[in-house]
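A.B. asks: The listed protein sequences correspond, in order, to chains A and B.
Numbered by this note's numbering, the letters in the first sequence go through residues 1 to 168 in order.
Numbered by this note's numbering, the letters in the second sequence go through residues 1 to 329 in order.
Treat the hints with care, since some could be wrong.
[Said to hold, decoys possible] Derived DSS-like pairs: lysine-lysine, alpha-carbon spacing no greater than 25 Å straight-line: (1) B:K39 <-> A:K39; (2) B:K2 <-> B:K127; (3) B:K39 <-> B:K127; (4) B:K2 <-> A:K39; (5) A:K12 <-> A:K39; (6) B:K2 <-> B:K39.
Since the hints were derived computationally from the structure, they do not count as laboratory data.
Note that the structure is predicted; figures quoted are calculated from it, not measured.
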Amino acid sequence: MNQSIQVQVNGKSYHLSIDTRTTLLDLLREHLGLTGSKKGCDHGQCGACTILVDGRRVNSCLTFAVAYQESDIVTIEGLAHHDHLHPLQQAFLTHDALQCGYCTPGHICSAVGMIREVEAGWPSAVSPDLNAEQVTLTDDEIRERMSGNLCRCAAYATIVSAIAEVTP
Amino acid sequence: MKPFRYEHVPDAAAAVALLTQEPTGAFLAGGTNLVDLMKLGVAQPDLLIDVSRLLSDRIESLPDGGVRIGAAVRNSDLAADRMIRGQYPLLAQALLAGASGQLRNLATTGGNLLQRTRCVYFQDISKPCNKRLPGSGCPAREGYHRNLAILGATEACIATHPSDMAVALIALDAVVRVLGPQGERSLPLADLYGVPADEPQRDTVLRHGELITAIELPPLSFAAHSSYRKVRDRASYAFALISVAVAIENHAGRIQDVRIAFGGVASTPWRAYKAEALLRGATISEQLFRAAADAELADAHLLRGNAFKAPMLHNVLTRTLLDLTPEEL
Numbered sequence: 001m002n003q004s005i006q007v008q009v010n011g012k013s014y015h016l017s018i019d020t021r022t023t024l025l026d027l028l029r030e031h032l033g034l035t036g037s038k039k040g041c042d043h044g045q046c047g048a049c050t051i052l053v054d055g056r057r058v059n060s061c062l063t064f065a066v067a068y069q070e071s072d073i074v075t076i077e078g079l080a081h082h083d084h085l086h087p088l089q090q091a092f093l094t095h096d097a098l099q100c101g102y103c104t105p106g107h108i109c110s111a112v113g114m115i116r117e118v119e120a121g122w123p124s125a126v127s128p129d130l131n132a133e134q135v136t137l138t139d140d141e142i143r144e145r146m147s148g149n150l151c152r153c154a155a156y157a158t159i160v161s162a163i164a165e166v167t168p
Numbered sequence: 001m002k003p004f005r006y007e008h009v010p011d012a013a014a015a016v017a018l019l020t021q022e023p024t025g026a027f028l029a030g031g032t033n034l035v036d037l038m039k040l041g042v043a044q045p046d047l048l049i050d051v052s053r054l055l056s057d058r059i060e061s062l063p064d065g066g067v068r069i070g071a072a073v074r075n076s077d078l079a080a081d082r083m084i085r086g087q088y089p090l091l092a093q094a095l096l097a098g099a100s101g102q103l104r105n106l107a108t109t110g111g112n113l114l115q116r117t118r119c120v121y122f123q124d125i126s127k128p129c130n131k132r133l134p135g136s137g138c139p140a141r142e143g144y145h146r147n148l149a150i151l152g153a154t155e156a157c158i159a160t161h162p163s164d165m166a167v168a169l170i171a172l173d174a175v176v177r178v179l180g181p182q183g184e185r186s187l188p189l190a191d192l193y194g195v196p197a198d199e200p201q202r203d204t205v206l207r208h209g210e211l212i213t214a215i216e217l218p219p220l221s222f223a224a225h226s227s228y229r230k231v232r233d234r235a236s237y238a239f240a241l242i243s244v245a246v247a248i249e250n251h252a253g254r255i256q257d258v259r260i261a262f263g264g265v266a267s268t269p270w271r272a273y274k275a276e277a278l279l280r281g282a283t284i285s286e287q288l289f290r291a292a293a294d295a296e297l298a299d300a301h302l303l304r305g306n307a308f309k310a311p312m313l314h315n316v317l318t319r320t321l322l323d324l325t326p327e328e329l
C-alpha cells in the first residue's frame, strides 16, 4: 500500500510516494540514490546499514520509512563538508581500517553516534564504574561499543585504532 | 512481506480503540523485533499503529520512593539514566548486556518486554512450531536447542525468553501499567508472563488491543547493592545462554533479604523463589549459595544440547552472590 511521505535526509527534504513496507535503508538506496548505507544481513545483526536518526545511530534496515517523517536523518553521504572528510572518514583511510569496505559506512556512522554517547557519559557493559562521571574510551570500550558492527574481512585491529585516534 | 496499512493516531486511547477493532493489527514502537518478524513472515499484521510518540519517554521518581519508566523510554536512555545506574545497577547492567548500541537506541521499554523468542524453529516458517502454529509440533526437543529452556519447559515448547531487561525487572517486582478498551490496569510483571503452560502460542496475558504505557519499580532500598551477570557465546552482542540478576541485603554475616532472577533458561524471565527462600535469614557461606542454586535447579529438565546450562547457572549464581558479599566471608 502506497503512502505519500516527506523525509529529511542530509539536510535535504524529499517528497515521494512509497510502499509502507519500505525500510529507511531501502528508501535511501532504491528511491533516493544514496547507496552509501549498505544492506548486509537486513535483520539488524551486522550494522552495515547504520545511519544517524536525530543524532543517534540506528539500524536503518529495522525501521519503516513512514515512521520517520519527523526525523533528521544523516547518512555516510552527509558527513563530509565539501572536500573535507569527516575526521572518522580520514582516520579510516589513514589507518587502512578496511579491506573490501562494505561495512565501512556503517562502521563510520556507528562510530559518530558512539562518540556522542561517550561525550554524554553513557556507560557500557565493560565500564569499570557504572556511575563514573566520564568515560575513558579504552580499546576494550571501543570493541564493546562497536560490537553491533561486523567486519567479515576482520579489519577490527585497525578499525579500533582509527576510532581511538578520533575519540574525545 | 505482507502489505499493511500504517496509521498515526492522536493519543494512546485512540490507538487502543483502533487496534481493538482490527484483529490482525499490531502496535509499532521501536520495531527492532516486529519489523524483523514481519520480514521473516512470522508476524503478518494488516495494520501498524505507530505508538512510539504517544507514550511517555520519561523516567520519574514516585512519591513512595519508586520509579516510573514510560513505555517509550529507549533502552539506551534507561541504561544511561543516573538514578537507574545508582539505585538499580542490575537494571542498567542488564540493558547494557543486551543487543547493540544501535538496537538499544531504537528499542523501547514496553517493546522489550514483548519480544518474542529467538528459537530458530519459531523464526523459520518452513518448520513446525507450537508457539507460531499451535499443534504443529516442536522440532527443538530433538533438534537444535542449545539456547533453549531447562526450567518450566513443557512437551509442547522449550522456548526461552530473550530479554535481559525483563530479568532485572522481575527481580525488582516491577509492575506493568496497561491501557485497554476498558481503561487502565496494573499487574505485576510476573503475572504479565503468567500464561497457562499448555498455551505456548501466548507469551503474555495481554488481550488484543491492550497497550503497555509504563513500568513501575517499587522502592527497594537494597537494589543499589545488585548485579546482573550474563554468559553468552561471544563477548558481546549475543543472547544469553544464561544470566543471573541478584539484589541482596546482608548484615553481620546473615542475609536479610534477597531477590534473584534468571534469564535464558525458561519461557519467561525466571524468578528464583526457591533459592531466595533458602537464603533469606541464613548465614552467608559458599556452601549456602551452592545449596540455593541446587534448590532452584532441582526441577530442571535437561536435554542433550542444553544440559551444560545447569552447572553454568549454578556456578554463575554462586559467584555473583560471593561477589556481592565479599566482606562477609
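A.B. asks: Decide, hint by hint, whether the structure agrees.
C.D. replies: Against the structure, the hints come out as follows:
1. B:K39 <-> A:K39: Cα-Cα ~14 Å, so holds.
2. B:K2 <-> B:K127: Since the Cα atoms of B:K2 and B:K127 sit roughly 19 Å apart, the hinted pair holds (cutoff 25 Å).
3. B:K39 <-> B:K127: Holds - the C-alpha atoms of B:K127 and B:K39 are around 16 Å apart, at most 25 Å.
4. B:K2 <-> A:K39: holds, 20 Å
5. A:K12 <-> A:K39: Within the cut-off at roughly 22 Å; holds.
6. B:K2 <-> B:K39: holds, 9 Å
Consistency note: the structure conflicts with none of the earlier hints.
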